[in-house]
Amino acid sequence: MDTKILVGTRKGSFCVEKADGTWRPRLAGHLGQGVNFLCREPASGTWWAALGHGHWGAKLSRSKDEGHTWQDAPQIKYPEGAKYLAPPMPDESGDAPGPVITRPATLLKLWMIAFGAPGQIHVGTIPGGLFSSHDGGESFSLNRPLWNHESRGGDLFSGTGTGKTDWFGTPAADGEFAPGIHSIVVDPRDPKRILVAVSTAGVLETTDGGQTWRGKNRGLLNDYLPNPAAEWGHDPHYVEQSLGQPEHLWQQNHAGVFYSSNGGEQWARVSQPENGVHFGFPIAVDAKDGRTAWVVPGKADSERTTVGGGLFVARTTDGGQHWQPLRKGLPQEHAYDVVYRHALSNHGDFLAFGSTTGNLYVSEDRGDSWQSVAHNLPPIYSVRFG
Amino acid sequence: MAQVELTRHLFKFFPQLEGQRLEVEATTIAEVIAGLEKLAPGFAFYICDELGRLRTHVNIFIEEERIADRHRLSDPIGPKARVFILQALSGG
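Chains as they are written, first to last, in the working numbering: chain A, 4 to 389; chain B, 2 to 93.
Honestly, the hints are just simulated from the structure, not real lab data.
Please note: incorrect hints may appear among the correct ones.
[What the hints assert, rightly or not] Restraint ranges, calculated between C-beta atoms of paired labels, are given here:
(1) B/G20 x A/P77: 25 to 35 angstroms
(2) B/F12 x A/T163: 42 to 52 angstroms
(3) A/P82 x B/Q4: 31 to 41 angstroms
(4) B/E19 x A/Y227: 47 to 57 angstroms
(5) B/G53 x A/S142: 16 to 26 angstroms
(6) A/P148 x B/G20: 41 to 51 angstroms
(7) B/G20 x A/R27: 29 to 39 angstroms
(8) B/A69 x A/Q269: 52 to 62 angstroms
(9) B/A69 x A/F180: 21 to 31 angstroms
(10) B/Q4 x A/P191: 49 to 59 angstroms
(11) A/T163 x B/D70: 24 to 34 angstroms
(12) B/E19 x A/A46: 29 to 39 angstroms
Just so you know, even glycine gets a beta-carbon here, dropped at the ideal spot from N, CA and C.
Could you build the full structure based on these sequences and the hints that come with them?
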């Protein structure tokens, strides 16, 4: 496989390839349209794009010729009767609508795409639905056990549920305030084992292909809760595994970087604020060594931009005990790049990340040095090797 | 037959509708959308959400009047009415 970097941006899809020693971007479709996530399906080679049309809603798009032409895929729709509990919004009537309200679910955002066994495609959405296809993307259906999970408020399809939800919202819902699934981690040894991460709720796991789910949040700490170690209410920004050592899981969380060496049974906070490693959105994990991970730190949640105007990547090779700042080739002054959760990726010794200021940076030596290969792209939402 | 005019933005997604005189047998806006869905499968989900409600940033006019019922699209239309489906200018 030639090394290709697929880049989803606010204004289109791009493919970056190395030719004659130089990384070159090309427009690969969807000009003018928001591309939340762009990736390649390993089994078929199909490219998939999660589009967010401003006016026309969220749409799934696919290409069988590496982005030269695109077609709308069979669309993801919430089934009739899908509802969720949400905090009441202030309205002008002055009537208190009660502690929670029941809202009908319609698709607000396609956020993340992941692949399981050949033909299996999973899509995370807002308002918090996991949709799966088992026929190569010809049809998608809502995972009801997760949708009806007790943490979410129970089964609202057939009843009134529990009346209480531990799932809150994300401002990424494009004008709404609803929960979102942004991370889907499929165990390469067993595609029935899937972890999802929800903003804001936490991490859930199935080991039976989605029939039952349970929380995997032990050890997470949310400093913005009265009880930071509560079972729910966590804000994982992105969760990733080591492909070769899937028991090694990492998450960049709103409240720090967390690592688990036992498949998420127990998380440990391994960030080091004194070294600038704490807040951020994306995380990448080495495919061979589960103790090695990379983050792109930001300065605290109150600022959410680079630390001191200098952009750096931090790498650990020992499960987060030590972090090494990697700055070579990255701008060290007047740089205010923000890197979103899906916009850092790795493949072998290659790493790539893109920022909301339209810069794309590539390393060919595990982050030791970097080059900026595009400077004026639209705001970058996702970066994936394909 | 309602005569339908679409914003050119929609032709990017449904090129088969471009340059055509779009006439649909319909007595309500909902029937207009259903008729266009037959001509261009997938069209309705660009205009409406899963519940059949008009998307927030889409407008439909009958002649020069914006439709009143954005939830069920029940606004009646006369036999030769012109219907416009446009993206809303939502400010900015």
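Problem - Contradicted hints - numbers only - result: As far as the earlier hints go, not one is violated by this structure.
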